[in-house]
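Peer 1: Same order as they appear, the protein sequences are chains W and R. Read in my numbering, the first sequence has 111 at position 63, and its numbers run on one by one without any break. Read in my numbering, the second sequence has 318 at position 15, and its numbers run on one by one without any break.
Note that these hints are calculated values from the structure, not bench results. Where is the CB? At the ideal position from N, CA and C, for every residue including glycine. Be a bit skeptical, because a hint or two may be false.
Claimed, not checked - Here are a few chain W residues that face chain R, going by a calculated C-beta distance under 8 Å:
(1) P72
(2) W83
(3) E157
(4) R158
(5) P164
(6) F165
(7) G178
(8) T206
(9) K296
To be verified - Here are the computed lysine-lysine pairs in the DSS-like style, where the Cα-Cα straight-line distance is at most 30 Å:
(10) R/K615 / W/K73
(11) R/K615 / W/K56
(12) R/K463 / W/K73
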Amino acid sequence: MSVRDFLKNLLVSKETEAIVDKIPKPVGSFGYDPWGYNTDAVKIALSVMRPIYEDYFRVEAFGLENIPANGRLLVIANHSGQLPFDGSLVGYAMATSPHTPRVVRVMVERWFPTIPFVGNIFNEMGAVLGDPINCGKMLRNEEAIVVFPEGVRGSGKTWDKRYKLQRFGLGFMHLAMTENTPIIPVGIVGCEETMPTPFHLKRLARLFGMPYLPVTTPIPLPAKVRLYFGEPMTFEGPVSSEDDVAVKVERVKDEINKLIQRGLQERSGWFE
Amino acid sequence: MIHKHKPEILVTGAGGSLAQYVINELKRDYHIVLVDFRRRVQLEEGMSSYRVEYNKRGFEDIFRKHKIEAVIHLGRMGLYESTHRNRYNHNVLGTQRLLDLCHKYEVKKVVVLSTYFVYGASPYNPALLTEEAPLKASELTMDLVDSVELENLANIYLWKYPELNITILRPCNIAGPGVLNSLSLLLSSSMAPVLMGFSPMMQFIHVEDMAHGVVLAFKQNKPGVYNVAADDWVSYQEAVTQCGCRRMPIPSIPEGLPRLISKRMNWKGWPPYLVNYYKYPVIIDGSLFSKTFGFKPHRSLDDIFSYYREKKEMGIL
Numbered sequence: 049m050s051v052r053d054f055l056k057n058l059l060v061s062k063e064t065e066a067i068v069d070k071i072p073k074p075v076g077s078f079g080y081d082p083w084g085y086n087t088d089a090v091k092i093a094l095s096v097m098r099p100i101y102e103d104y105f106r107v108e109a110f111g112l113e114n115i116p117a118n119g120r121l122l123v124i125a126n127h128s129g130q131l132p133f134d135g136s137l138v139g140y141a142m143a144t145s146p147h148t149p150r151v152v153r154v155m156v157e158r159w160f161p162t163i164p165f166v167g168n169i170f171n172e173m174g175a176v177l178g179d180p181i182n183c184g185k186m187l188r189n190e191e192a193i194v195v196f197p198e199g200v201r202g203s204g205k206t207w208d209k210r211y212k213l214q215r216f217g218l219g220f221m222h223l224a225m226t227e228n229t230p231i232i233p234v235g236i237v238g239c240e241e242t243m244p245t246p247f248h249l250k251r252l253a254r255l256f257g258m259p260y261l262p263v264t265t266p267i268p269l270p271a272k273v274r275l276y277f278g279e280p281m282t283f284e285g286p287v288s289s290e291d292d293v294a295v296k297v298e299r300v301k302d303e304i305n306k307l308i309q310r311g312l313q314e315r316s317g318w319f320e
Numbered sequence: 304m305i306h307k308h309k310p311e312i313l314v315t316g317a318g319g320s321l322a323q324y325v326i327n328e329l330k331r332d333y334h335i336v337l338v339d340f341r342r343r344v345q346l347e348e349g350m351s352s353y354r355v356e357y358n359k360r361g362f363e364d365i366f367r368k369h370k371i372e373a374v375i376h377l378g379r380m381g382l383y384e385s386t387h388r389n390r391y392n393h394n395v396l397g398t399q400r401l402l403d404l405c406h407k408y409e410v411k412k413v414v415v416l417s418t419y420f421v422y423g424a425s426p427y428n429p430a431l432l433t434e435e436a437p438l439k440a441s442e443l444t445m446d447l448v449d450s451v452e453l454e455n456l457a458n459i460y461l462w463k464y465p466e467l468n469i470t471i472l473r474p475c476n477i478a479g480p481g482v483l484n485s486l487s488l489l490l491s492s493s494m495a496p497v498l499m500g501f502s503p504m505m506q507f508i509h510v511e512d513m514a515h516g517v518v519l520a521f522k523q524n525k526p527g528v529y530n531v532a533a534d535d536w537v538s539y540q541e542a543v544t545q546c547g548c549r550r551m552p553i554p555s556i557p558e559g560l561p562r563l564i565s566k567r568m569n570w571k572g573w574p575p576y577l578v579n580y581y582k583y584p585v586i587i588d589g590s591l592f593s594k595t596f597g598f599k600p601h602r603s604l605d606d607i608f609s610y611y612r613e614k615k616e617m618g619i620l
């Protein structure tokens with residue numbers, strides 16, 4: 049029996065199995081897609097994520113009804129929390145949505161595929177290299193993709209920059225316009241408090257080839273996380289100029305900012 | 304005597320498993336001239352067969368003696384077969400000689416077998432590489448220079464001499480009965496090295512399906528460069544397990560260690576210059592070939608893996 053079969057038998061409930069099985073997702077004869085997504089690995093990941101999502105971070109998701117049932121989709125969110133928990137939480141929320149459950153693909157930093165075990169496990173759970181060619185092909189495959197346009201600028205933010213959106217890359221807007229893909233803006237509130245980081249060890253990070261090395265809590269704090277899914281935004285192509293793209297990106301950024309502010313107003317504390 | 308009325312086609316690498324499937328599909332309608340640099344291949348009575356190096360003078364005699372109308376160039380020195388210098392001489396300079404002779408003797412069609420290795424295995428590869436993707440294999444290792452150069456050469460001739468109607472095929476891993484490439488050697492063995500923490504996605508095509516793809520490319524004559532792969536994918540570690548191999552974990556860090564181990568162990572199926580292909584995925588998009596030639600593989604991944612598994616169970620491999 050393989051490790052995956054063992055974990056599946058041990059962890060995956062019939063309910064989780066049923067959730068994944070009813071989501072339409074074309075895979076090959078061994079359950080893989082070309083990017084390495086594996087149906088059984090996703091079932092295991094959802095089973096592992098369930099207590100983290102429901103009990104540890106006590107996630108509340110709002111606006112899941114805004115997510116289209118099918119077709120290509122870009123889910124654009126703010127990035128925070130040093131570790132990529134925010135992507136996993138958004139993915140879990142969408143896969144278990146009571147409205148229209150969808151498997152999402154999360155774009156990861158370019159150094160992830162080089163890390164033993166991590167890159168492989170992430171791949172099987174649906175994460176893919178954040179590459180515009182990859183992203184374009186997945187959209188043409190009618191996939192839903194989560195993109196954090198701030199990249200490591202967002203995830204590696206220090207405490208003094210919490211909830212201040214960093215510069216957004218323009219790539220996602222190019223894709224939205226050229227691939228005719230709607231955008232769902234997402235504001236994530238709570239992940240900033242999971243790993244408060246006063247500063248980074250920059251030299252050590254460079255030595256290990258890491259994008260950043262935070263001085264933070266040894267494990268994520270159980271801050272309550274709120275996910276706010278906004279209404280779909282559409283941007284028609286073709287791209288007339290980079291300035292035009294930048295203006296459109298700002299519109300998405302503003303929308304995410306509004307969702308974050310709503311979340312900050314609605315919460316009464318880090319853990320409540 | 305009846306062969307005189309049939310068009311004559313030259314098949315290189317005639318001793319290989321792929322060539323034999325191709326010949327089997329074509330022998331009814333064509334007179335096949337068999338060429339191999341390893342040995343004189345005798346498949347059936349009436350077929351002309353030669354053991355010759357492509358870059359030796361004697362090779363031209365075949366074109367003088369026969370009215371070759373088309374060439375199916377499958378004869379490559381395998382990655383495990385010799386030094387990279389010898390492979391360069393045979394695969395690159397030999398192919399250049401072959402293409403020059405094709406031009407000189409007004410051959411009307413040429414099919415060249417390349418490999419997906421030319422794309423190179425990199426952590427930054429997107430999935431479903433199309434034919435336009437850059438060929439980065441030679442950046443990674445000198446041992447794959449011949450594969451990239453062979454492609455470049457065929458591409459130059461494709462544009463320089465359009466009358467040759469060159470079709471270049473870049474298949475994924477060819478596997479199945481009789482195949483003797485690096486990966487097939489690995490799948491045939493009882494133990495397969497696997498890098499700890501890495502199990503890249505891979506594609507496989509059954510040798511019979513690949514042979515049919517070559518025949519389609521030859522018959523339909525639509526020159527260009529095409530990836531050839533089925534729409535099915537599996538991780539490397541799953542593939543070796545399915546083939547009945549026991550996995551031998553190899554430490555993946557520090558980066559140079561797996562190559563060093565491979566070199567010391569002298570593994571033909573897992574040579575140092577292919578280590579990256581067992582670490583990072585090289586997934587190709589075969590849709591252009593499928594659409595252009597109406598190609599659909601008939602053998603599943605399980606058919607391929609069960610061949611190796613069953614032969615091992617019977618003690619044949």
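Peer 1: Below or equal to 30 Å on CA atoms is what counts here, so check R/K463 against W/K73.
Peer 2: violated (45 Å)
Peer 1: Under 8 Å is the threshold here; is the Cβ of W/F165 close enough to any Cβ of chain R for the hint to stand?
Peer 2: holds (4 Å)
Peer 1: Compare the distance between the alpha carbons of R/K615 and W/K56 with 30 Å, and conclude whether the hinted pair is satisfied.
Peer 2: The given pair, whose Cα atoms are some 29 Å apart, holds under the 30 Å limit.
Peer 1: Taking the closest Cβ pair, is W/T206 under 8 Å from chain R?
Peer 2: Hint on W/T206: violated, closest Cβ of chain R at ~28 Å, above 8 Å.
Peer 1: Can you verify the interface hint for W/P164: is its Cβ closer than 8 Å to any Cβ in chain R?
Peer 2: Hint on W/P164: holds, closest Cβ of chain R at ~3 Å, below 8 Å.
Peer 1: Would the stated hint for W/G178 survive a check requiring a Cβ distance to chain R of less than 8 Å?
Peer 2: violated (10 Å)
Peer 1: Is the interface hint for W/R158 satisfied, with its Cβ closer than 8 Å to some Cβ of chain R?
Peer 2: holds (6 Å)
Peer 1: Per the CB criterion, is W/K296 less than 8 Å away from chain R?
Peer 2: Since chain R brings no Cβ nearer than about 24 Å to W/K296, farther than 8 Å, the hint is violated.
Peer 1: Run the distance test for R/K615 versus W/K73: straight-line Cα separation, threshold 30 Å.
Peer 2: violated (35 Å)
Peer 1: Classify the hint on W/W83 as holds or violated, based on whether any CB of chain R lies nearer than 8 Å to its CB.
Peer 2: holds (5 Å)
Peer 1: Once the shortest beta carbon distance from W/E157 to chain R is found, is it less than 8 Å?
Peer 2: violated (11 Å)
Peer 1: Does W/P72 pass the interface hint, meaning its C-beta sits closer than 8 Å to a C-beta of chain R?
Peer 2: violated (17 Å)
Checked against the numbered hints given earlier, the structure breaks hints 1, 3, 7, 8, 9, 10 and 12 and satisfies all the rest.
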